[in-house]
Amino acid sequence: MNAVEIRGLTKAFGSGDSRVVANANVDLVIPAGTIHALVGENGAGKSTAMKMLFGMLEPDSGEIRVNGDRVRFKSPMDAMRSGIGMVHQHFMLAGPYTVLENILLGAESTGPFSRLPLAEAEKRLKSLCDRYSMPVDPHARIEDLPVGMQQRVEILKLLYRDSKILILDEPTAVLTPQEIDALFSNLRRLRDEGRTIVIITHKLKEVLAISDRVSVLRQGRLAGYMETAHATAEKLAEWMVGRKVILSVAAAATAGHGRGEPRLKVQNLLRGVSFEVRAGEIVGIAGVEGNGQTELLRSLLLPEGRSVEILGKDVSKSPASRIRELPVAFFPEDRLRDGLLMDESAERNLLLGNQRNPKFVDRWGVIRKGALDAALERAWHEFDLRPKRRQMASRGYSGGNQQKLVIAREFEHDPKLVVSAHPTRGVDVGAIEWIHRKLMDARDSGAGVLLVSSELDEILALSDRILVLLDGRIVAEYAGGSVDALTIGRAMGGARA
Amino acid sequence: MSDLIGILESSLRIASPLIFAAMGGLLCERSGVIQIGLEGLMIVGGFAAAVGALQTGSAAAGLAAAALAGVVFGYVYAELSVRFRANQIVAGTGMNFLAMGLVPFLSKVLYENTGTTPSLPLEQRLSWHWAVVLALGIVAGVAWMIRSTPVGLWIRFAGEHPAALESAGISPRRVRMRSVIAGSALAAMGGAVLSIGLASAYSRNMVAGRGFMALTALIFGKWRAWPALGACLLFGLAEGLQVRFQSGAIPVQLMQVLPYALTLVVLAGFVGRARAPQALGRQD
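So the protein sequences, as listed, match chains A and B.
Numbering follows our numbering, with no gaps: position 403 of the first sequence is 403.
Numbering follows our numbering, with no gaps: position 119 of the second sequence is 119.
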């Protein structure tokens, strides 16, 4: 019996020139009582397909069957009535209210103006917690709970509604390795008692670890489907990208780097973060998102009195414009917001932040066309920016090429220090290796590199030294190559792991 | 002693229109819609109540007329702010100006003057005892509804995390539309208490910033019913004292400033960690 059967699902957004086909003729067959992974790169159409299954979007054509019955969902309410529940990537929980209130929302089962059945709900929640060994305090406020626990509340919310088909959108993005293990064992238990689980992800390692079957989407189409037992990461990556991909990151960093002069020195940022990045080393900052990474990165460009030295120069009172005149490359955390002007061409974006750079602008404030052309040539050839189009708006590039554009621009500063935040987030599998190579080349040619990332594998593969950030503090430091993911994971989780 | 009781009595009386308006504001704002139009709602409510009571000779009908006017105004504001996603500060200010212009106009049409309705005989006025009892009942009702009923839960989520409400199968827009309309009716009833309860007619500039004062009380009360009631009573006390001591040695003008000065002091000094509903005024 198939829990979900999707045939010829098609959905397009916009019209005319800006028409984007998010799903084209997608077929998905998901047998009941299995864990199904739906993988693909950003923009491949995974979320669109699941939003249609959950009634948040209506398909243009194609049919959806749930437990054999043809369904047409007009809203998530319809989907929930058919036993489908979804854990969204950004949790649907209100911080100031209790676990119980969040779980009860929309499932009150009493008249709108009568008393909330809190006591009964608590009893039912307790029995669910016991049955699935997922303890949680019903009276705790959501905002006081760690992220892993919040996710547990989301899953309990679905179980409270007795959802038989659970869709989880990128459930591991915000978890420590320990929390991921706990989540996976809970999911297996739910499957073993007959529920069906669909997990949306782009992490191949997790696909192989948890799923029974896997479907791969590429550019809105089904690129492949197989039983996970027969799958390999290489095969899945090939389906995702459409060509062979080298997944193994270049040889792990070796000790012996980082004997050079300090390129970045910070003291007492956040709640007492102090460290140095020396010439010829990559320093990785590991940590679950939201533990101070954003504030740390921000104070490197806007020190506002905090103690920051860049290339031996005290910049604690310098404005960002002064800091940007130094040979330093910054890859911002959110490149769509802070890295690129999405409606402008590659050429314009290469100029961004170089408005006062004499290489690009003469002393009368006129742009040196020749220098800009040369930079564009370099972006095309050295940085492999594709497609090679002069006038296309930057939003037209893929995630990987947008990041290449940022990298190409930042390398125009001939950086002696590279500050790189989540350099491969939302980047196609094919471009990840290239970006890692670039960072290692920068290090090998004597730059200091600061790498902030929530991808533990990336930190492990590239870093000569690893610092773990938790709650605004550095809680652990390791030499690269001497530590495994589990150890770092424990440090990332702090006392609560 | 009788002096003290007198002051308390008058502050309770003076606070009652504020209480209605603050509770109305609470319903709107907890659902995520900024309600800066309380002033205008009190104006139309006050006028509609006076007209209704004059026409029918019944205070209850006056109160009902005010509620109806509040529903109409609230509906217009809900359409603007919830359906058409207008900027809520701008739309709310617009509603205030609309009220300030509409009432003198209607008054001119009905009574040949720009702002004052004919006086009601005493027996057709709303007894202020009843107004106070009703106000306190509404506070209790609103507090209970917000805390303990499904509707209250929906309103709280609409104001805090509308996407969560939607994913639970309930439309945040519908919840907001209804909260705004219900809240507007309550605020307009506050105007009615002012015109046919505390006075015997609607007169021009009668509301005199009480809508904004109610909004301040709501914020001071951190968007919670009982604390907001406390804030209203405090403002009522300040105004009661002001009236009491007008004949004293202190210059009248200085005393008249008291309620407003208190509003400022309270806002600056005591609100501190006030935390507005997360989605208040947001349109996504």
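I should point out that these hints are in silico values taken from the structure, not numbers from a laboratory.
Treat the hints with care, since some could be wrong.
[Claimed, not checked] Only pairs whose alpha carbons sit at most 20 Å apart, straight line, appear in this in silico SDA-like list of lysine to any residue: (1) 222(B) x 332(A); (2) 123(A) x 146(A); (3) 222(B) x 276(B); (4) 164(A) x 169(B); (5) 222(B) x 123(A); (6) 222(B) x 143(A); (7) 74(A) x 109(B); (8) 222(B) x 98(A); (9) 74(A) x 169(B); (10) 74(A) x 163(B); (11) 123(A) x 148(B); (12) 265(A) x 164(A).
Structure-based check of all given hints:
no. : hint            : in the structure
1   : 222(B) x 332(A) : violated, 37 Å
2   : 123(A) x 146(A) : violated, 23 Å
3   : 222(B) x 276(B) : holds, 7 Å
4   : 164(A) x 169(B) : holds, 17 Å
5   : 222(B) x 123(A) : violated, 32 Å
6   : 222(B) x 143(A) : holds, 18 Å
7   : 74(A) x 109(B)  : violated, 50 Å
8   : 222(B) x 98(A)  : holds, 18 Å
9   : 74(A) x 169(B)  : holds, 11 Å
10  : 74(A) x 163(B)  : holds, 17 Å
11  : 123(A) x 148(B) : holds, 17 Å
12  : 265(A) x 164(A) : violated, 53 Å
Going down the numbered hints, you'll see the structure goes against 1, 2, 5, 7 and 12, while the others check out.
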